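Asks: Using the sequences and the hints given, assemble the complete structure.
Sequence order for the protein chains is A and B. Heads up: the first sequence at position 142 corresponds to 153 in my numbering, and the numbers run straight through without jumps. Heads up: the second sequence at position 329 corresponds to 340 in my numbering, and the numbers run straight through without jumps.
These are calculated hints, taken from the structure and not from any lab test. For clarity, every value in this text was computed on a predicted model and none was experimentally measured. Check each hint, because a few of them may be wrong.
Same chains, same label: a pair holds when it works inside one copy or across any pair of copies.
What the hints assert, rightly or not - With a cut-off of at most 30 angstroms between alpha-carbon atoms, the simulated DSS-like pairs for lysine-lysine come out as follows:
no.	residue 1	residue 2
1	K210	K192
2	K54	K105
3	K105	K158
4	K233	K15
5	K207	K236
6	K105	K350
7	K90	K184
8	K184	K54
9	K350	K168
10	K327	K207
11	K158	K184
12	K236	K192
13	K54	K22
14	K18	K236
15	K22	K342
16	K192	K158
17	K350	K54
18	K192	K18
19	K371	K327
20	K105	K232
Residues per chain, in single letters:
Number of protein chains: 2
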Amino acid sequence: MEIKLNKEDIKNLSLGAAVLGTGGGGDPYIGMLMAMQAIEKGKEITIVDVESVEDDAFVVAVAGMGAPVVMIEKIPSGKEAGFSLTSIERYFGKRADYVISIEAGGLNSTIPLATAAEMGRLVPDGDGMGRAFPELQMVTFHLYGVKATPMSMADEKGNSVILDTVDNYWAEKIARAITVKFGGVAWISIYPMSGKDFKRAAVRGSLTKEIRIGEAIRDAKKHGKNPLDALLDVTGGFLLFEGKIVDVIRRATGGFARGEATIEGLGDFRGSRLVIHFQNENLVAIRDGRVIASVPDLITVIERDTARPVTTERLKYGLRVAVIGIPCDPKWRTPEGLKVVGPRYFGYDIDYVPIEVAVKG
Amino acid sequence: MEIKLNKEDIKNLSLGAAVLGTGGGGDPYIGMLMAMQAIEKGKEITIVDVESVEDDAFVVAVAGMGAPVVMIEKIPSGKEAGFSLTSIERYFGKRADYVISIEAGGLNSTIPLATAAEMGRLVPDGDGMGRAFPELQMVTFHLYGVKATPMSMADEKGNSVILDTVDNYWAEKIARAITVKFGGVAWISIYPMSGKDFKRAAVRGSLTKEIRIGEAIRDAKKHGKNPLDALLDVTGGFLLFEGKIVDVIRRATGGFARGEATIEGLGDFRGSRLVIHFQNENLVAIRDGRVIASVPDLITVIERDTARPVTTERLKYGLRVAVIGIPCDPKWRTPEGLKVVGPRYFGYDIDYVPIEVAVKG
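Replies: Okay, here's the thing in C-alpha cells:
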C-alpha cells in the first residue's frame with residue numbers, strides 16, 4: 012500500500028492530528044501549510060505501510076521541540092527540520108530511507124510530511140505515541156530499548172548540535188536546555204533506528220487514522236450525521252461530558268503550560284461538573300469528584316457543535332464543549348508503558364484504569 | 012626546544028598558573044594531581060615551542076568548563092577530558108597532533124597536560140589567554156577569527172555533545188546551558204584549528220612562564236629573596252597594595268561568583284583602601300576611589316608572607332595580603348581585544364588604561 016497525499020488528505024490529517032493531540036502538541040496548522048506548499052511545488056508525500064519497511068532500512072524521526080507558541084511566531088522556512096536531518100545523516104554517513112513522526116498529534120504529525128516532501132523520503136504509516144506527549148522519552152520506541160540518540164538539533168540561525176546520551180531521560184534533559192537557549196524552538200532528528208526496530212516498536216496506522224478522523228468530522232454533515240457522533244464512531248471513543256467552561260486556571264511551571272479547566276454540564280450532563288487537569292496535554296478528567304479518564308488514554312476537548320478540537324491554550328470561559336476519551340495504544344497499558352506515561356509520572360497519585368472501565372464507574 | 016616535565020616542573024607550573032589565574036579559573040591542584048599521576052605511571056608530558064608546530068598540524072584545546080567547586084567535588088577520573096578529545100577526533104576523522112590550554116591560569120592550565128600524557132600528545136608552549144577568563148569566546152584565537160566549534164562536550168556519566176554554532180558567542184551560550192545540565196562541569200575539546208592559525212593567534216610562552224613563576228616563589232627564600240619581590244621580578248608586575256581584608260561581599264548571579272573585597276592598607280599603604288571587584292576572576296582594582304588596574308591586565312591577590320595566590324573563593328576577613336598587577340598580552344590591548352575582554356564587556360563604565368600607566372596615576 013502506498014498513498015500519495017493530496018491537499019484534502021493533508022487537511023484531514025491535520026484535523027485528525029489535532030484530535031489525537033489531546034489539547035497539546037501545538038496546532039498542526041503550520042506543518043499543514045508547509046506540507047501543502049510542498050505539494051503545490053510539485054513535490055510528493057507518500058505514505059507506505061509500516062510492514063513494507065525493510066529490516067535494514069535507516070529510519071529517523073523528525074520533529075519540532077519546544078513551545079508551539081514560539082514556533083508560530085518564528086515561522087519556519089521549512090528548511091530547518093531538513094537541516095537537522097542532513098546533520099544526523101552526515102554523522103551516520105548514511106541516508107535516512109524513511110522519515111517518521113515522533114507523535115501522532117499536533118504539529119509534529121505534519122512537520123515530518125513537509126520534511127519528507129522537501130527531501131524526497133517516504134513516510135511510514137506509524138509513529139511513536141499514537142497521540143501527543145510532552146517529553147522525548149515518551150515514545151513506544153523507548154519501551155523497546157531504542158535510543159533517542161545520537162540525535163541532532165538545529166535552530167533557524169544555523170546553530171546545530173549532535174547529542175549522544177547515556178539514556179533517553181538524559182536526552183530529554185539536555186535537549187530541553189538547548190531548546191531554551193535556541194530561543195524556545197529546536198528542530199530535531201531523533202531515534203535513528205533500523206526498519207526492524209521501527210516495525211517492532213511503532214504505533215501502527217496512525218497517519219491513516221488521522222486522515223479518517225479528519226474526514227469523519229469534515230464530511231459528517233454531508234452524510235447527514237452529527238460531527239460528534241461521527242468522531243466517536245471513527246475513534247472508538249467515549250463521550251465523557253458536554254457543557255460550558257466556567258473556569259480555567261493556568262500556571263506556567265517547569266517549562267510546561269499546566270492548569271485546570273472546569274466545565275459545567277449541559278444536556279444529559281446538567282447538574283454535573285467535569286474538571287480537566289492539563290500539562291500541555293489533557294492528562295486527567297474528573298467528573299463529580301471521580302476520575303473517569305487519565306493518561307495514557309486520550310482526553311480531547313472539542314467544540315460542541317463542530318467537533319473541532321480545542322487546544323489547552325484556547326480553553327476559555329463560556330466555550331461550549333464536549334469532552335471525549337479515546338483508548339490509547341495497548342503498548343502504553345503495559346507496566347513499562349505506565350511507568351513512562353502513567354498518571355503517577357505526571358505527579359497524580361492515582362492508578363491508571365483503562366477508560367472503557369473508568370468511564371462506567 | 013622540547014621540555015619533558017618532571018614532578019617539580021608540574022608543581023611550579025601549577026603555582027604559576029594560580030598566579031595568572033587572577034583569582035579565578037579554579038585551583039590547579041586537581042589537574043596537578045592528575046598530571047603527576049600520569050608521570051608516576053611512566054607517561055610523558057612534553058612541551059614544545061610554539062614555532063615548531065607544523066602549519067598543517069591539527070591543534071585542539073582541552074578544558075574543563077563550569078564551576079571549579081563542582082570539579083573538586085566530582086573528582087575527575089582523568090578519562091573525561093580524553094573522552095571529549097576522542098569524540099572531536101572521531102567527528103573530524105583525524106588525530107589531534109597537539110593538545111593546548113585554552114587559558115594559562117587555574118585548573119585549565121594543568122588539565123591539558125594530564126590529557127596529553129594519557130593520550131600521548133604534545134603540548135605547545137602557548138595558550139589562548141595568557142591568564143584566566145570566564146567565557147569561551149575570551150581567547151586570542153577568537154580575535155583571529157578561529158571558530159570555537161565544532162566542539163565536543165562530555166560529562167563523567169558518558170553523555171556527550173558535538174556543537175556547531177554560527178559564532179563563538181553562541182558556542183558560549185549553548186555550551187554553558189549544557190554544562191549546567193551536566194551537573195555543573197563539562198569536559199570540552201574546543202577551537203579545533205590548524206597549526207598555522209595556532210601560531211598566529213596564540214599567546215606564546217605561557218607554560219614556561221608559569222613554571223618560572225612557580226619556581227621564583229618556591230625558591231625565593233633559598234636565594235635569600237622575599238617571595239613577593241621574586242614574583243614581581245619574574246612577572247614584570249607592579250605592587251598595587253598591601254593590607255588586611257576587612258570586608259568581602261559575594262553575589263552569585265548569572266552563574267558567576269561576583270563580589271567585592273575591601274582591603275585596608277598596611278605598611279607603605281597605611282591609611283589607604285583598595286577595593287577589588289571580581290566575577291570569578293579579579294576584574295577591577297580601585298585604590299582610594301581611583302581605578303589603578305582593570306581587565307584585561309592581571310590583578311592577583313597573594314598571601315603577604317608567602318606570595319601564594321589566593322583565589323576569589325578564599326578571600327576572607329582578616330587575611331593579610333598583597334595585590335599585584337601584571338600587564339596582559341598585547342593582543343588584548345587592541346580595540347578588538349578590548350571589545351571582547353575590556354572593562355565595559357564586564358559591565359564597568361570605565362575606559363581601559365594600561366596598568367603601567369594607571370598605577371602611576
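Asks: Take the hints in turn and mark each one as holding or not.
Replies: Okay, the hints, checked on the actual structure:
no.: 1; hint: K210 with K192; result: neither (35 angstroms within a copy, 33 angstroms between copies)
no.: 2; hint: K54 with K105; result: within (23 angstroms within a copy, 39 angstroms between copies)
no.: 3; hint: K105 with K158; result: both (18 angstroms within a copy, 27 angstroms between copies)
no.: 4; hint: K233 with K15; result: within (24 angstroms within a copy, 86 angstroms between copies)
no.: 5; hint: K207 with K236; result: neither (41 angstroms within a copy, 75 angstroms between copies)
no.: 6; hint: K105 with K350; result: neither (34 angstroms within a copy, 43 angstroms between copies)
no.: 7; hint: K90 with K184; result: both (25 angstroms within a copy, 23 angstroms between copies)
no.: 8; hint: K184 with K54; result: neither (36 angstroms within a copy, 38 angstroms between copies)
no.: 9; hint: K350 with K168; result: between (37 angstroms within a copy, 23 angstroms between copies)
no.: 10; hint: K327 with K207; result: neither (45 angstroms within a copy, 63 angstroms between copies)
no.: 11; hint: K158 with K184; result: both (14 angstroms within a copy, 27 angstroms between copies)
no.: 12; hint: K236 with K192; result: neither (48 angstroms within a copy, 53 angstroms between copies)
no.: 13; hint: K54 with K22; result: within (17 angstroms within a copy, 66 angstroms between copies)
no.: 14; hint: K18 with K236; result: within (24 angstroms within a copy, 87 angstroms between copies)
no.: 15; hint: K22 with K342; result: within (28 angstroms within a copy, 60 angstroms between copies)
no.: 16; hint: K192 with K158; result: both (24 angstroms within a copy, 19 angstroms between copies)
no.: 17; hint: K350 with K54; result: neither (41 angstroms within a copy, 48 angstroms between copies)
no.: 18; hint: K192 with K18; result: neither (35 angstroms within a copy, 43 angstroms between copies)
no.: 19; hint: K371 with K327; result: within (28 angstroms within a copy, 69 angstroms between copies)
no.: 20; hint: K105 with K232; result: neither (48 angstroms within a copy, 65 angstroms between copies)
Violated hints for the displayed structure, listed by number in ascending order: 1, 5, 6, 8, 10, 12, 17, 18 and 20.
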